Amino acid sequence: MSEAQTRPVVTRFCPSPTGNPHVGMARTALFSWAYARHHGGKFVFRIEDTDASRDTQESYDLLIDVMRWLGLDWDEGVEVGGPDGPYRQSERMDIYAEVAQKLIDAGFAYKAYDSPEELEERRNAARAAGKPSGYDGAHRDLTPEQQAAYEAEGREPVIRFKMPQKDWTFTDLVRGEITFGAENVQDFVIVRANGQPLYTLTNPTDDAMMGITHVLRGEDLLSSTPRQIALYEAFAEIGIGGGFTPEFGHLPFVMGTGNAKLSKRDPESNLLDYKPKGFLPEGLLNYMALLGWSIADDRDIFSIAEMVEAFEISAVNANPARFDIKKCEAINGDHIRLLPIDELVERLQPYFVDAGLFGTGGPTPEQLSLLTSAAPLVHERMALLTEAVAMLNFLFVDDAEFVINDDDRAKSLDDSGLDVVRTARGALADLGEWTAESIEAALRGALIDGMGLKPRLAFGPVRVAITGSRISPPLFESVELLGRERTLARLDAVL
RNA sequence: GCCCCCGUCGUCUAGCGGCCUAGGACGCCGGCCUUUCACGCCGGUAGCGCGGGUUCGAAUCCCGUCGGGGGUACCA
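Residue 615 is where the first sequence starts when you use this note's numbering, and the numbers rise one by one after that.
Please keep in mind that the hints were generated in silico from the structure rather than gathered at the bench. Treat the numbers as computed from the prediction; the structure is a model and nothing was measured. Be aware that one or more of the hints could be misleading.
As the list claims (entries may be wrong) - Pairs of lysine-lysine residues, derived as BS3-like cross-links and limited to a Cα-Cα distance of at most 30 Å, are as follows:
1. Lys780 with Lys716
2. Lys875 with Lys940
3. Lys878 with Lys891
4. Lys940 with Lys878
5. Lys725 with Lys776
6. Lys780 with Lys745
7. Lys940 with Lys891
8. Lys745 with Lys725
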């Protein structure tokens, strides 16, 4: 058992703040988070913003917002601090410079002066000869004189890490034992000629210094693992980090359309869209967990707490999963149905504000009371919270702005439909008690018993007249909530 | 080219040599319920990439092959 396995678990999430946060990223964060929580460990949130040309503050802010919305809390990292900060790589540049120098001083790294053209030429030659195309180690053992000669030419060196010549075998947490032959893992650049440290150095340096025990990341990083392990072994020699090498687990990609992983091109990849579309964080989380993991063979709806309780990285599937928005919505619908009514009312309010149905300050007491009464009517009718706005619009919209869908009007409010509305109006006009029960009794009596209509034909026209659509919440309850005055006005309006 | 990973219904998955005439979920198609739409319930559709082994027995193990993906950067 490795030392990383016997220590308290520390995992991390370390995105680069470029563009909008996406689903693949969140799934990786979720698994790392769940692993730490399951083992009672710590979760670190670090930002890898070493590429000033692509990183933006806006993207950073979005990342924070989205993690908070999802509820993936972190014990150490940006915004909250911790003992191993700072947690933005842009603020750690001096650390990387120092680490690079130590590696050189201890003989683990060296300056290489090959020009890009020379490298490419040799790479092509190696490839043509059927050999691996990585760095050939030409400048591995340059004498001080040779180095001086290159410097005299005006060449700026990169710093390369000197890979020990041995095979690399490690046990991936999701894939099992993996081996890379010595000849396939060559010396790699850790600092650019312009002095900028590369991901290859900054990421392992921070993981080591922050005591990360389990590195869970995308499978695109699988083949760079031997290099990181080698770096860790060197770190142990020069006193950086805790002196141990973490365990690695490479998560499968989340696929979009075609055979490519989910990218900006796929509309469902943008995490920022989920909240406005009406997804619940717990619904999205549940769905993302299903991309590569399952809680049981006959179950796929669970809470985040249940996921934490059951999550094991070894149970994660190694093959890529395709994102299916339909299933994601279905699962979201199940989570909506799991919400207590008062909680649903709470979550619904921002959407009514956004739709302009409530003022920006939130609902008036009357509106809140109406929403509370109406919420049960739509609870089982939506997969997305935004659907409630469409279904309940007729109750909250100003009467002057109430409109009836043209198609529905044409289909339901023809001459016979208007006869029905007229009769319904008469039956409701001086109804004593205004409740769903009495309304149903009055309408059934007048339209079904009185006119001899089938329920569908009897209630359809009334439904369209008062809700504006052939599809609506249950009619009698809707009429009750709309109130006598407004109901009669809407019936009159179509006659 | 070289290296690595992956391969069960359309999709997500269960399956770790016999419980599999392969289970669940989403989707889709029927039906029931029903004032519309949903929910719920019932039923159906559809899969172990291929070929060899090993074994009494293979979706499960081995080899090969094909397919897909990733890496091979002074990207991450």
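How the hints compare with the structure:
For a cut-off of 30 Å, the pair hint linking Lys780 to Lys716 stands: about 23 Å separates their Cα positions. The straight-line distance between the Cα atoms of Lys875 and Lys940 is roughly 18 Å, inside the 30 Å bound, and the hint therefore holds. Proximity of Lys878 to Lys891 is assessed by CA-CA distance (about 17 Å); at most 30 Å being required, the pair is judged to hold. For the hint linking Lys940 to Lys878, the alpha-carbon distance of about 19 Å falls within 30 Å, and the restraint holds.
With a C-alpha separation of about 10 Å, the suggested pairing of Lys725 with Lys776 holds against the 30 Å cut-off. Straight-line distance between C-alpha atoms of Lys780 and Lys745 comes to about 17 Å, which keeps the hinted pair within the 30 Å bound. Between Lys940 and Lys891, the direct Cα distance comes to roughly 13 Å. Compliance with the 30 Å bound is thereby established for this hinted pair. As the CA atoms of Lys745 and Lys725 are separated by approximately 24 Å, the hinted pair is consistent with the 30 Å bound.
In summary, the structure agrees with every hint in the numbered list given earlier.
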